[in-house]
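A.B. asks: Single-letter residue listing:
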Amino acid sequence: MEHLSYTVTAPRAAGGTRRQAIIGVVASGNLEVLAERVLATDTCTVDIATAARGFAPVWQAVIADFVALRAAGGLRLSINDGGARPDTVALRLAQVVRLIEEPEA
Amino acid sequence: MAEWCEQRDALNQRLAAGQSHAVGKRVPLDRLPALLESVLRPGDRVCLEGDNQKQAEALARALAQVDPARVHDLHMVQSGVVLPEHLDVFEKGIARRLDYSYSGPQAARIARMLFGGKIALGAVHTYLELFARYFIDLTPHVALIAAVSADRDGNLYTGPNTEDTPTVVEATSYKSGLVIAQVAKIVDKVPRVDIPGDLVHFVVETGTPFYVEPLFTRDPAAITETQILTAMLAIKGIYAPYGVRRLNHGIGFSTAAIELLLPTLGERLGLKGKICTHFALNPHPTLIPAIEAGWVEQIHCFGSEVGMEDYVAARPDVFFTGPDGSLRSNRAMCQTAGLYACDMFIGSTLQIDLEGHSSTVTTSRIAGFGGAPNMGSDARGRRHPSDPWVKAGVEADPLGSPALRRGRKLVVQIGETFGEGNAPLFVERLDALDLAHKLDLELAPVMVYGDDVTHIVTEEGIANLLLCRDKDEREQAIRGVAGYTEVGRGRDPAMVARLRERGVIRRPEDLAIDPLDADRSMLAARSIKDLMLASGGLYRPPSRFRNW
Chain A
0 MEHLSYTVTA PRAAGGTRRQ AIIGVVASGN LEVLAERVLA TDTCTVDIAT
50 AARGFAPVWQ AVIADFVALR AAGGLRLSIN DGGARPDTVA LRLAQVVRLI
100 EEPEA
Chain B
0 MAEWCEQRDA LNQRLAAGQS HAVGKRVPLD RLPALLESVL RPGDRVCLEG
50 DNQKQAEALA RALAQVDPAR VHDLHMVQSG VVLPEHLDVF EKGIARRLDY
100 SYSGPQAARI ARMLFGGKIA LGAVHTYLEL FARYFIDLTP HVALIAAVSA
150 DRDGNLYTGP NTEDTPTVVE ATSYKSGLVI AQVAKIVDKV PRVDIPGDLV
200 HFVVETGTPF YVEPLFTRDP AAITETQILT AMLAIKGIYA PYGVRRLNHG
250 IGFSTAAIEL LLPTLGERLG LKGKICTHFA LNPHPTLIPA IEAGWVEQIH
300 CFGSEVGMED YVAARPDVFF TGPDGSLRSN RAMCQTAGLY ACDMFIGSTL
350 QIDLEGHSST VTTSRIAGFG GAPNMGSDAR GRRHPSDPWV KAGVEADPLG
400 SPALRRGRKL VVQIGETFGE GNAPLFVERL DALDLAHKLD LELAPVMVYG
450 DDVTHIVTEE GIANLLLCRD KDEREQAIRG VAGYTEVGRG RDPAMVARLR
500 ERGVIRRPED LAIDPLDADR SMLAARSIKD LMLASGGLYR PPSRFRNW
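From first to last, the protein sequence lines stand for chains A and B. For the first sequence, numbering that gives the first Met the number 0 begins at 0 and goes up steadily by one. For the second sequence, numbering that gives the first Met the number 0 begins at 0 and goes up steadily by one.
The set of hints was computed from the structure by calculation and includes no laboratory data.
Computed footprint of chain B on chain A; a stretch qualifies when at least three of its residues, placed anywhere within it, have a C-beta under 8 Å from a C-beta of chain B:
id, segment
1, 56 to 62
2, 76 to 86
3, 90 to 100
The beta carbon of each residue, even a glycine, is placed where N, CA and C say it ideally should be.
Let the sequences and hints guide you as you build the complete structure.
C.D. replies: So, in structure tokens, the structure goes:
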């Protein structure tokens with residue numbers, strides 16, 4: 000198990016008003032992402048617990064593209080990763096941002 | 000005096016020697032090893048029928064039982080090295096030389112035996128290439144083939160899995176070679192004559208059908224969101240703009256996703272009748288929903304697929320069927336159709352390098368080629384125009400004289416940037432080169448050469464290599480869709496941006512695709528059971544795919 004932690008500046012604040020959102024499942028090749036709206040709107044943190052060691056540069060690249068592309072400001076993201084491929088990680092991050100933007104039921 | 004009939008004399012000697020084990024053409028199963036010992040000679044070229052689907056496994060077992068003191072140094076010329084017995088004959092010294100095409104499940108063992116010097120390798124071929132050599136310099140002296148049933152005269156019925164048999168028999172029997180067939184049953188009258196009896200010399204009744212591998216069944220339940228995204232990109236970014244009607248699909252999950260998106264996304268885009276109307280393709284179960292929705296006019300098949308027999312027989316307007324009602328497949332004909340009459344090949348691979356060469360070889364496995372390189376290559380002998388072929392030709396050579404410009408086949412590699420075990424699809428150097436070096440091969444085993452590839456599709460986008468004007472552009476176009484692999488992260492961002500402005504690289508958003516829409520709910524069938532239901536119960540999935 001490897002723990003990685005990133006704090007990045009986010010150019011766009013997350014939309015919507017939900018306090019939190021969760022998506023995905025921890026399984027081989029998959030991951031779960033918990034998003035909590037608890038930070039300043041220009042900041043995003045990502046804490047990762049991953050089963051696959053040695054992929055820090057890839058995580059960093061995925062997260063840099065993610066905050067550039069999606070409105071992630073204000074979110075603390077916690078990831079439990081079962082060795083998902085980068086494309087799956089990028090998809091789940093995009094999905095959790097969309098979920099937290101949705102109007103509350 | 001010149002001798003002109005030595006081969007025919009040799010055949011007569013083989014027939015006479017074999018006759019002591021036969022009644023008429025019929026040989027009892029337990030006499031098969033003895034028959035083979037009496038008709039085979041050291042150094043014979045032997046075709047033991049088997050490919051990626053059907054297997055003459057009773058004959059393979061018998062050949063592995065012959066006495067190596069009597070039968071040795073055979074030169075095996077066969078499509079597939081698939082069964083353990085195919086390599087046992089080399090282990091025991093019964094065979095020595097090998098020319099073949101495909102070795103899926105034996106890929107690791109064949110590599111070990113090549114390293115160990117047990118096998119003297121001629122070459123790894125494509126199917127069509129090996130078939131061609133059967134008629135020029137690799138003509139079998141003896142062919143061991145498989146059929147469903149035979150009559151007393153040796154007329155053979157192959158059922159839906161005709162596959163390589165007509166080609167093997169044609170090359171062997173008309174060049175004074177000996178043909179031995181295994182059949183499940185000897186009957187009074189065969190349902191249809193796939194192989195005329197006068198070309199078949201001995202027949203053995205095994206009591207059990209020959210083995211067929213369900214290689215083309217892809218469970219929709221295993222299709223990922225990323226594969227759906229690549230499939231959406233391919234449909235909107237390649238199938239639609241080129242208007243690809245005549246094509247071949249590989250066996251990967253991305254192309255299975257495309258098949259399952261035709262009745263949903265394809266329908267919404269108004270593409271019915273404009274794409275995917277004619278295929279050179281095995282009867283893929285994942286194509287059932289599109290066929291049922293009226294998308295597909297015609298399919299010619301290399302082989303059959305386990306469980307699809309009744310469905311195919313009930314759709315003779317779409318498939319080629321015999322007077323008995325069942326599918327007639329023919330690998331050599333279908334490979335030729337895929338090479339010359341299709342405008343696109345789209346398939347997956349394991350590794351792509353910076354020039355676009357692709358390979359399914361890794362350092363410890365030699366899977367062979369099968370048929371993909373025939374489909375996945377530009378047919379230089381092609382002379383008939385079609386819209387996609389001409390459009391691709393214009394993109395590659397916009398300044399050429401229209402009446403003298405060659406068209407181009409669309410050869411598309413589709414895949415996720417990372418494969419099994421997070422192995423990157425894109426690499427600086429193919430493992431095939433290390434393998435070639437280790438085995439002292441003159442040619443590295445390349446599945447599709449870079450100069451044949453026209454497009455690469457990943458979840459990051461589409462690279463159109465036809466529009467690249469030099470080596471650097473080509474490399475950056477490939478890096479530009481290589482995602483988070485090292486190759487992808489090593490891109491020149493400014494040049495990739497310029498390529499995108501020119502449409503050489505197209506991102507999902509350039510094609511109005513939201514990656515978040517790539518959802519399993521878009522698939523026309525989401526399980527094997529859905530496929531069965533879509534077929535009205537005609538598709539009977541093999542038990543290993545039944546999980547309900």
